[in-house]
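Enquirer: Residue strings, one per chain:
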Amino acid sequence: MNFAGSTAKGVYKLRTGIPGFDEICLGGLPAGRTTLVSGTAGAGKSVFSAHFLAAGIVEYGEAGVYVTFEETPELVRQNLEGFGWGVAGWETDGSWQFIDASPDVINPAVVVGQFDFGALVARIERAVRLTGATRVVLDSIGTVFEHFDDDRSVRTELYRVASALRQLGVTALITIERPEEYGALSRHAVSQFVSDNVVILRNALDEERRRRTIEVLKFRGADHRKGEYPFSLLEGTGAVVLPLSSLLLEQGSASRRVPSGNHELDAMCGGGFYQDSLVLVSGPTGAGKTLLGCSFINGTPDDQRCLMLSFEEGREQIYRNASGWGFDFAALEAEGRFRLEGAYPELLGLEDHLINIARSIDDFKPNRVVVDSLSALERVASRKAYREFIIGLTSLLKDRRICTVFTAATSSAFGGSGDVVTHVSTITDAIILLRYVEFYGEIRRGMTVLKMRGSAHDPEIREFTIGRKGMAIGDSFQNINGILSGQVEVKELDEIERIKTLFIDVDLADEAR
Amino acid sequence: MSFVEIDLYVCGASTARSTTTMRNLANECSARYGTEYSINVIDVLRNPAIAERANIVATPTTVIRRPLPSLRLVGDLSVPTTSFGWPA
Numbered sequence: 000m001n002f003a004g005s006t007a008k009g010v011y012k013l014r015t016g017i018p019g020f021d022e023i024c025l026g027g028l029p030a031g032r033t034t035l036v037s038g039t040a041g042a043g044k045s046v047f048s049a050h051f052l053a054a055g056i057v058e059y060g061e062a063g064v065y066v067t068f069e070e071t072p073e074l075v076r077q078n079l080e081g082f083g084w085g086v087a088g089w090e091t092d093g094s095w096q097f098i099d100a101s102p103d104v105i106n107p108a109v110v111v112g113q114f115d116f117g118a119l120v121a122r123i124e125r126a127v128r129l130t131g132a133t134r135v136v137l138d139s140i141g142t143v144f145e146h147f148d149d150d151r152s153v154r155t156e157l158y159r160v161a162s163a164l165r166q167l168g169v170t171a172l173i174t175i176e177r178p179e180e181y182g183a184l185s186r187h188a189v190s191q192f193v194s195d196n197v198v199i200l201r202n203a204l205d206e207e208r209r210r211r212t213i214e215v216l217k218f219r220g221a222d223h224r225k226g227e228y229p230f231s232l233l234e235g236t237g238a239v240v241l242p243l244s245s246l247l248l249e250q251g252s253a254s255r256r257v258p259s260g261n262h263e264l265d266a267m268c269g270g271g272f273y274q275d276s277l278v279l280v281s282g283p284t285g286a287g288k289t290l291l292g293c294s295f296i297n298g299t300p301d302d303q304r305c306l307m308l309s310f311e312e313g314r315e316q317i318y319r320n321a322s323g324w325g326f327d328f329a330a331l332e333a334e335g336r337f338r339l340e341g342a343y344p345e346l347l348g349l350e351d352h353l354i355n356i357a358r359s360i361d362d363f364k365p366n367r368v369v370v371d372s373l374s375a376l377e378r379v380a381s382r383k384a385y386r387e388f389i390i391g392l393t394s395l396l397k398d399r400r401i402c403t404v405f406t407a408a409t410s411s412a413f414g415g416s417g418d419v420v421t422h423v424s425t426i427t428d429a430i431i432l433l434r435y436v437e438f439y440g441e442i443r444r445g446m447t448v449l450k451m452r453g454s455a456h457d458p459e460i461r462e463f464t465i466g467r468k469g470m471a472i473g474d475s476f477q478n479i480n481g482i483l484s485g486q487v488e489v490k491e492l493d494e495i496e497r498i499k500t501l502f503i504d505v506d507l508a509d510e511a512r
Numbered sequence: 000m001s002f003v004e005i006d007l008y009v010c011g012a013s014t015a016r017s018t019t020t021m022r023n024l025a026n027e028c029s030a031r032y033g034t035e036y037s038i039n040v041i042d043v044l045r046n047p048a049i050a051e052r053a054n055i056v057a058t059p060t061t062v063i064r065r066p067l068p069s070l071r072l073v074g075d076l077s078v079p080t081t082s083f084g085w086p087a
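Sequence order for the protein chains is P and B. For what it's worth, numbering that gives the first Met the number 0 labels the leading residue of the first sequence as 0, then goes sequentially. For what it's worth, numbering that gives the first Met the number 0 labels the leading residue of the second sequence as 0, then goes sequentially.
Simulated from the structure, these hints should not be mistaken for laboratory data. C-beta: ideal position from N, C-alpha, C; glycine also. Some hints here could point you the wrong way.
Reference listing, derived: stretches of chain P covered by chain B, where coverage requires no fewer than 3 residues with Cβ under 8 Å from a Cβ of chain B [unchecked claim]:
(1) 39-50
(2) 135-142
(3) 380-392
Sample of chain B residues at the chain P side, in silico, Cβ under 8 Å [as the list claims (entries may be wrong)]:
(4) S1
(5) E4
(6) Y8
(7) P47
(8) N54
(9) R64
(10) L72
(11) W85
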């Protein structure tokens, strides 16, 4: 068996192999003990507990016994097929054994007096002996209470089952349904027979969106992380927990600079972005955020890879726009240096998006990432879920030392800041603001580096234009105040000076190309 | 009246609960069927594989196999069983 160490009180932990779960358990489940898994209907109890057995077989070669009280083994087998678990094959090679304790719905048993669960215990003992199982799942015992209709006897008998499991030395999960997300663990007062270790799965409505979380409520005599963590059920994978790394502030930072894809912008930032920095590009719609992101992609050094996560535009649109600016993304992609992952924000919950992003990153191993845009993701989630997503995503990127450009839309066209900026700005290392500037009846574009952690940067607000070669950054705005606040105030100039400022910066920009 | 075949699953053949159930069942059967019945007692501790095949969870469980449809009774038969549809 795989033990992840012990505590002072002698409780060993058993690594479950469920992605992320062992981290919030600080090692795994208390070994040789029974843990209660409580959750509402559809919270993922069955998949979670089945994953516990599947991971035991796949990761550690540990056999498992699955006692089903609710569905027939055929149904459980079918349900688990979708997660990529070939239960039938494992049954054949003796690593997975079902115990069918599901009620006969056509011809239900009638209770006529005192009873015990001696037969169930004998069957579990036999299955554990035959397979050498170290993991046992009982799913879900709520049904037993309804079926046998005598709560007191059932409680006593389940206590007997729990002690038998303990004597067998197996690590067991017992699932039970609870009526509400917050409140009693179940309607049957099960804490009387198994209360040492409790894990809660939730599928709560949060601002009209379902949000799955997992919480280790208690491990007797052993430590674990506190609170709710995002949790997801994925096709082909099963249960996945996001431990939301707490390492964010402990990571050292590199002093290596990487090109932003625009020489003028590199100069404004004091020599490019830092390799492991998170750069937020904020601005109103159409101001050039996606362009800046695409320049960043185009500027990927020859020996590096760039991943774009697009939540606003489709592949065709991005490639078309990019070629309009003179960037050949198809060629980059063909060289294996660029990958585009697009998804509708509404398609999945943010936890699922985050898990997919983590997979893409682990698969493609990019040196730089563009996320376009955070605002698109913000609108599909509650504040809390969004905050967790941002923390999860940024810690993931920091952990991998990936230079990332996030775009975020501000709500007003001229100045002010959107919600995204206030949410994210403390986490980011650099902030670039794009703004429209009304100037003598014209709309022009301005850009400034608002923040650049650990480096000197250009404090001026520069004008930029968008043309066939992408973004051309020119001179700073002269004689104009209040661009960032949106309250633009133009100082009077004589006409010749004004015409000069209108043309010189554009000329300079062209020369600089 | 057809011959009645009964399987009785108990946990330990000589426990108080098992012997009570055997006595209750035998009384019930001889009152209803005279000698036209047989009871096959299975101790799940000695034969867990048979309990596995028959999907027995609780003990004692009385399975009236014949005549069909079969009937399952869970418990020591200590409560009045008149209303539980014993085969005629």
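Enquirer: Each hint needs a verdict: does it hold in this structure or not?
Expert: To see whether the hints hold, each was checked on the structure:
| no. | hint | verdict |
| --- | --- | --- |
| 1 | 39-50 | violated (count 0) |
| 2 | 135-142 | violated (count 0) |
| 3 | 380-392 | violated (count 0) |
| 4 | S1 | violated (19 Å) |
| 5 | E4 | violated (16 Å) |
| 6 | Y8 | holds (6 Å) |
| 7 | P47 | holds (4 Å) |
| 8 | N54 | holds (5 Å) |
| 9 | R64 | violated (12 Å) |
| 10 | L72 | holds (5 Å) |
| 11 | W85 | violated (11 Å) |
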